[in-house]
Amino acid sequence: EAQVTQNPRYLITVTGKKLTVTCSQNMNHEYMSWYRQDPGLGLRQIYYSMNVEVTDKGDVPEGYKVSRKEKRNFPLILESPSPNQTSLYFCASSLGSWGSYNEQFFGPGTRLTVL
Amino acid sequence: AQSVTQPDIHITVSEGASLELRCNYSYGATPYLFWYVQSPGQGLQLLLKYFSGDTLVQGIKGFEAEFKRSQSSFNLRKPSVHWSDAAEYFCAVPKAAGNKLTFGGGTRVLVKP
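Chains as they are written, first to last, in the working numbering: chain A, 1 to 115; chain B, 116 to 228.
Careful: at least some of the hints might be erroneous.
[Said to hold, decoys possible] Pairs of lysine-lysine, BS3-like flavour, derived with a Cα cap of 30 angstroms:
| no. | chain 1 | residue 1 | chain 2 | residue 2 |
| --- | --- | --- | --- | --- |
| 1 | B | 176 | B | 227 |
| 2 | B | 227 | A | 57 |
| 3 | B | 176 | B | 210 |
| 4 | B | 164 | B | 210 |
| 5 | A | 57 | A | 17 |
| 6 | B | 176 | A | 69 |
| 7 | A | 71 | A | 18 |
| 8 | B | 210 | B | 227 |
| 9 | A | 18 | A | 69 |
| 10 | A | 17 | A | 69 |
| 11 | A | 57 | B | 164 |
| 12 | B | 164 | A | 71 |
| 13 | A | 65 | A | 17 |
| 14 | A | 65 | B | 210 |
| 15 | A | 57 | A | 18 |
| 16 | A | 71 | A | 57 |
| 17 | B | 164 | B | 183 |
| 18 | A | 71 | B | 227 |
[Said to hold, decoys possible] Now the in silico label distances, taken between C-beta atoms and shown as ranges:
| no. | chain 1 | residue 1 | chain 2 | residue 2 | range |
| --- | --- | --- | --- | --- | --- |
| 19 | B | 154 | A | 86 | 20 to 28 angstroms |
| 20 | A | 86 | B | 131 | 36 to 44 angstroms |
| 21 | B | 179 | A | 41 | 23 to 31 angstroms |
| 22 | A | 50 | B | 131 | 39 to 47 angstroms |
| 23 | A | 56 | B | 228 | 41 to 49 angstroms |
Treat the hints as calculated values from the structure; they're not laboratory data.
C-beta: ideal position from N, C-alpha, C; glycine also.
Sequences and hints are given; from them, build the entire structure.
Here's what the structure looks like:
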């Protein structure tokens, strides 16, 4: 089944404790993104990647890191989480850029709480 | 910069009644437009998309949307709502730079029995 998976689905942590949220897709997609969802704000892009070893900042990158060492994986890293990073996080992937009319496929989400 | 606005934060509708969700866009040229649905505890699922051509777009789950350039709108409709349609709905416009979707704030739909 074609899908985007994220782990963990739920995470409660404390301020300053480094964490990683994993994202994997099995569709051989080139493009991957991370979004955070906050009430009333919709989803906002954190980082995106156009291919292996190619990443760039989205709209709200502060406090986050990403890496793309393999095509299928795109982990989100919070080196020193803070309470304002409490949010619902989504990973997404697509075959190509919007010029190719490609749909983005979303993972199930990771609900992160930072105490 | 292109953006979308969803004026209604919450909508409550009775099962079997019609539903219309509003989406207004701000964009100079003809935009690409999407509607996504997020069911409780789930990720986002694409309902339908508009790129060009016919301004009335049919989607999954019985939804349709109409692109109206004169009103800068792309409203989502369903003639008869089912309890399973209770969810949050997002209008979105893509931006090629960054392969990003810019989302509206979302409209949460509650369905009364």
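| request: Go through the numbered hints given earlier and state which of them the structure violates, listing their numbers in rising order. | output: When the structure is compared with the hints, numbers 2, 6, 8 and 18 turn out to be violated.
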